[in-house]
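For the protein sequence lines, the chains are F and P, in the order given. For the first sequence, my numbering gives the first residue as 4, with consecutive numbering after it. For the second sequence, my numbering gives the first residue as 4, with consecutive numbering after it.
Any given hint could turn out to be false.
Simulated crosslink set (DSS-like; lysine-lysine; CA at most 25 Å straight-line) [stated by the list, open to error]:
1) F:Lys-443 x P:Lys-443
2) F:Lys-446 x P:Lys-443
3) F:Lys-308 x F:Lys-321
4) F:Lys-444 x P:Lys-61
5) F:Lys-87 x F:Lys-446
6) F:Lys-390 x F:Lys-446
7) F:Lys-61 x P:Lys-443
8) P:Lys-444 x F:Lys-446
9) P:Lys-443 x F:Lys-444
10) F:Lys-224 x F:Lys-308
11) P:Lys-61 x F:Lys-443
12) P:Lys-87 x F:Lys-446
13) F:Lys-443 x P:Lys-444
14) P:Lys-446 x F:Lys-443
15) P:Lys-87 x P:Lys-443
16) P:Lys-314 x P:Lys-304
17) P:Lys-443 x P:Lys-431
18) P:Lys-105 x P:Lys-87
19) F:Lys-444 x P:Lys-390
20) F:Lys-105 x P:Lys-304
21) P:Lys-105 x F:Lys-304
22) F:Lys-61 x P:Lys-444
23) P:Lys-444 x F:Lys-444
Hints were generated in silico from the structure; no laboratory data involved.
The residues making up each chain are set out below.
2 protein chains.
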Amino acid sequence: MLKPEIISRVQGTIGKEAVLTAKEDLTTYSYDGTTTWTHMPDVVVLPTTTGQVSQILKLANENLIPVTPRGAGTNVSGGSIPIKGGIVLCTTRMNRILEINKGNLVATVEPGVVLQDFNLALAKQGLFYPPDPQSFLGCTIGGTVAENAGGPYGVKYGVTKQYVLGLEVVLASGEVVRLGGVTAKNRTGYELVMLFTGSEGTLGMITKITLRLLPMPLAQKSMLAVFDDMVAAGGAVSSILAGGIVPAKIEFLDNWFLRRIEELNPMGLPTEAGAIVLLQSDGNPAAVEAETERILDICRKTGAKEARVAKDDAEALKLWRARSAGFAAIFSSAPTIVAEDVTVPRDKVAPFINRLEEIGKKYDVPVRVLGHAGDGNIHPSIPTDIKDREHFERANRAMEEIFEAALSFDGVLSGEHGIGLEKKRFLKRAMDPVAIEIMKKIKAILDPNHILNPGKIWEE
Amino acid sequence: MLKPEIISRVQGTIGKEAVLTAKEDLTTYSYDGTTTWTHMPDVVVLPTTTGQVSQILKLANENLIPVTPRGAGTNVSGGSIPIKGGIVLCTTRMNRILEINKGNLVATVEPGVVLQDFNLALAKQGLFYPPDPQSFLGCTIGGTVAENAGGPYGVKYGVTKQYVLGLEVVLASGEVVRLGGVTAKNRTGYELVMLFTGSEGTLGMITKITLRLLPMPLAQKSMLAVFDDMVAAGGAVSSILAGGIVPAKIEFLDNWFLRRIEELNPMGLPTEAGAIVLLQSDGNPAAVEAETERILDICRKTGAKEARVAKDDAEALKLWRARSAGFAAIFSSAPTIVAEDVTVPRDKVAPFINRLEEIGKKYDVPVRVLGHAGDGNIHPSIPTDIKDREHFERANRAMEEIFEAALSFDGVLSGEHGIGLEKKRFLKRAMDPVAIEIMKKIKAILDPNHILNPGKIWEE
């Protein structure tokens with residue numbers, strides 16, 4: 004527990020109204036998008052300026068108080084859970100879009116800007132920022148940078164790190180550092196911008212972000228392809244990529260997800276299908292036309308029972324809403340969900356799906372599958388109940404074997420969610436021990452007292 | 004000078020034929036693409052395996068011998084010059100393409116593979132690797148990763164760092180570490196792959212590289228637009244980007260370059276023009292057609308006297324050869340060239356070109372300009388002679404003012420060449436001192452004896 008004197012000093016620094024200590028408030032900040040982790044902070048602090056962040060960190064560093072940075076808490080690896088208590092430093096009041104420069108195709112924002120608010124502001128100027136984690140309606144841009152978030156657009160447009168040009172970061176000491184800048188290219192020293200991007204709040208607190216933008220594509224079309232099973236769907240995806248086409252999005256959902264989403268919100272999904280693939284093509288209108296035809300043709304040749312363009316914008320929107328509902332669909336289906344984010348090489352999606360089915364059978368647990376098929380980034384989920392220890396442990400053993408299977412396919416533990424609390428016990432098997440040592444040494448020089456987001460990424 | 008005993012041990016490690024000590028051999032490795040720096044190594048070592056690199060680094064580390072990693076030496080910031088003598092560790096014999104996986108759109112190569120050899124191997128499979136420094140005919144992929152090289156394709160496709168998925172690196176201690184992997188997305192721990200990318204050989208020796216690939220675009224068209232001066236050309240570039248078009252390439256050359264290139268190799272360039280802009284559109288054939296029309300229309304509306312598509316492949320090739328000849332054109336024009344790589348926000352290209360003209364007049368030196376206009380990455384060059392101290396110093400003072408001007412436009416010292424020796428004296432003005440301290444601390448944990456490429460990036 005923090006001493007009352009410390010809480011008084013925090014209140015003195017940023018004002019009483021920006022400091023939460025009531026139990027019902029703290030509870031709100033004790034969990035994130037995962038369902039297996041929870042821990043109460045001692046205090047939640049809501050700064051509005053870089054100077055305030057600096058003062059809070061200086062105080063925390065001098066008094067060895069754990070600080071967990073947090074945006075909207077939509078994280079799905081436990082990254083924003085204050086597992087050691089202390090301070091939750093929440094960016095949601097630092098939510099100004101500071102500049103949108105259309106001529107330079109660059110924007111600068113505070114970390115608490117909600118991704119969808121940013122998207123709407125950009126759309127007014129015909130601009131486009133591709134990274135689209137499925138929490139986009141609520142997640143903050145600071146969180147997406149700290150986690151290097153991906154999303155369906157990743158297949159064509161890459162992930163968050165491909166768009167971060169500059170950062171302002173407050174270090175654990177309270178020192179403020181400016182990294183990178185506002186130019187499209189920059190070769191001034193080491194890639195420190197990239198070091199902080201994806202560091203899960205363990206190296207510093209991001210207080211300003213400069214992002215590269217693109218012009219809004221002139222046209223887009225959404226497609227639906229229906230398959231007998233996920234393995235066939237995975238095969239179609241490989242064929243599309245090997246055919247020299249990189250669509251804007253390639254997502255897939257299995258039969259369970261189709262039925263569950265339809266049950267929650269009837270929208271006419273093909274619930275009889277073993278699996279569906281949703282695709283989007285974007286760019287010049289003529290190119291979209293031609294690419295769409297080729298994609299549908301490949302889908303049909305690789306076994307799609309049906310492959311067609313969404314008949315209008317309303318249907319396209321509905322299909323993508325169905326995909327976005329995947330998270331809610333699975334997390335509302337059982338008391339506890341063991342959900343993961345493994346990624347395999349793109350030519351191994353089909354055999355990996357096969358392995359998932361085998362593992363589900365072996366442990367007698369259902370493995371539900373959806374994900375970013377075009378990146379090989381699969382989200383297998385196992386519904387369970389943490390209170391039913393036997394089932395919960397079986398689910399965890401199954402997921403452990405899924406991790407092992409991904410690694411044996413030259414895959415990785417996480418494609419876009421990060422390690423956080425969820426996957427840290429697997430890190431040693433997934434990362435070269437020399438690389439883990441380098442990470443720990445970098446952590447030690449930037450945060451020698453280990454106050455920033457302690458307990459995450461690796462086991463102590 | 005290295006002790007003969009050390010040279011014997013090096014020879015014993017990797018074989019006599021892989022160790023060069025004759026003066027005429029060493030001279031070849033004493034310079035790079037710059038003309039202002041030169042220093043003789045004591046010995047040049049040409050390993051063929053990671054194991055050999057590890058043994059050499061271990062020996063060097065134990066005996067505190069400077070090691071300068073080097074590929075083809077096409078570097079233009081002095082990065083591969085052995086400024087402290089010692090060992091040049093040259094990768095040119097580690098030149099195998101280990102895998103090209105079309106289904107996963109990924110390739111793995113050794114660092115000494117020449118970029119053009121890689122391009123040719125990819126083309127046979129309909130694949131494409133965009134980063135295209137203008138030294139592509141000779142430069143090695145290891146060098147492009149160490150320098151995070153860019154090139155004309157940067158405007159649409161980004162630079163080298165956007166393609167590096169995995170690295171094998173030998174640390175100064177001789178330890179081998181594997182970073183990243185072969186998947187399109189990877190969120191396992193800190194972005195250590197990015198830390199080594201662009202670190203200019205100061206943090207480790209890269210011995211294996213995994214790169215993301217794209218399918219070869221189905222069509223491409225090259226365009227030429229002729230302007231009265233560079234300021235007008237710069238204005239056209241901003242208008243194209245603000246018009247929502249991101250062409251594959253947007254390059255420009257000033258009148259001096261046009262005349263000089265034509266003089267060296269007559270190819271019918273418009274030598275009367277104040278400046279030309281070369282553009283390329285690529286992708287789906289119909290999209291290329293439409294985009295080309297829009298680009299030419301914008302060029303005409305923003306003052307182009309002539310704007311047209313290259314009449315055939317031969318002319319397109321000729322135009323891009325002219326652009327590639329820019330480096331030879333300037334470096335063959337005077338005994339010494341002070342050539343730079345500043346980058347400004349893309350909406351400030353035209354006013355920055357204006358400033359370059361003013362600075363040239365102020366110091367009474369010619370400032371020749373070409374560059375990657377679509378990225379704001381300009382290469383101003385001043386022909387001079389290092390033996391004419393007065394003129395050489397005037398040229399350097401002018402270039403210093405060019406750096407200051409770039410910084411005042413929110414620009415950066417280097418867009419794609421790196422800091423190396425050329426720009427290290429300016430680093431303190433261009434980078435937050437806290438960031439420089441972080442770089443030095445990272446260097447100290449990875450290379451505590453400072454044996455790797457000493458004397459580069461920052462002043463001791």
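Verification of the supplied hints:
For the proposed pair Lys-443 (chain F) and Lys-443 (chain P), the alpha carbon gap of about 17 Å is at most 25 Å, so the pair holds. Restraint check for Lys-446 (chain F) and Lys-443 (chain P): the C-alpha separation of about 14 Å stays at or below 25 Å, so the hint holds. With a C-alpha separation of about 20 Å, the suggested pair Lys-308 (chain F) and Lys-321 (chain F) falls inside the 25 Å cut-off, and the hint holds. At most 25 Å may separate the alpha-carbon atoms for a hinted pair to count; Lys-444 (chain F) and Lys-61 (chain P) meet this at roughly 20 Å.
Distance check on the hinted pair: Lys-87 (chain F) and Lys-446 (chain F) sit about 17 Å apart at the alpha-carbon level, within 25 Å; holds. Simply put, Lys-390 (chain F) and Lys-446 (chain F) have alpha-carbon atoms about 36 Å apart, too far for the 25 Å limit, and the pair is violated. A C-alpha spacing of about 23 Å is found between Lys-61 (chain F) and Lys-443 (chain P), which places the hinted pair at or below 25 Å, so the restraint holds. Proposed proximity of Lys-444 (chain P) and Lys-446 (chain F) is supported: the alpha carbons are some 11 Å apart, at most 25 Å.
At roughly 13 Å between alpha-carbon atoms, Lys-443 (chain P) and Lys-444 (chain F) fall within 25 Å of each other, so this suggested pair holds. At most 25 Å may separate the alpha-carbon atoms for a hinted pair to count; Lys-224 (chain F) and Lys-308 (chain F) meet this at roughly 20 Å. A C-alpha spacing of about 23 Å is found between Lys-61 (chain P) and Lys-443 (chain F), which places the hinted pair at or below 25 Å, so the restraint holds. With a C-alpha separation of about 31 Å, the suggested pairing of Lys-87 (chain P) with Lys-446 (chain F) is violated against the 25 Å cut-off.
Among the hinted pairs, Lys-443 (chain F) with Lys-444 (chain P) is consistent with the structure: their alpha-carbon atoms are about 13 Å apart, no more than 25 Å. Pair hint Lys-446 (chain P) plus Lys-443 (chain F) holds up; C-alpha atoms about 14 Å apart against a cutoff of 25 Å. Restraint check for Lys-87 (chain P) and Lys-443 (chain P): satisfied, since their Cα atoms lie roughly 18 Å apart, inside the 25 Å limit. A distance of roughly 21 Å separates the Cα atoms of Lys-314 (chain P) and Lys-304 (chain P); the hinted pair therefore holds under the 25 Å criterion.
Distance hint between Lys-443 (chain P) and Lys-431 (chain P) is fulfilled; the C-alpha atoms sit about 13 Å from each other, no more than 25 Å. Restraint check for Lys-105 (chain P) and Lys-87 (chain P): not satisfied, since their Cα atoms lie roughly 43 Å apart, outside the 25 Å limit. Pair hint Lys-444 (chain F) plus Lys-390 (chain P) does not hold up; C-alpha atoms about 47 Å apart against a cutoff of 25 Å. Taken as a hint, the Lys-105 (chain F) and Lys-304 (chain P) pair is honoured in the structure, with Cα atoms around 19 Å apart against an allowance of 25 Å.
A distance of roughly 19 Å separates the Cα atoms of Lys-105 (chain P) and Lys-304 (chain F); the hinted pair therefore holds under the 25 Å criterion. Between Lys-61 (chain F) and Lys-444 (chain P), the direct Cα distance comes to roughly 20 Å. Compliance with the 25 Å bound is thereby established for this hinted pair. A threshold of 25 Å between alpha carbons decides the hint, and for Lys-444 (chain P) with Lys-444 (chain F) the separation of about 10 Å falls inside it, so the pair holds.
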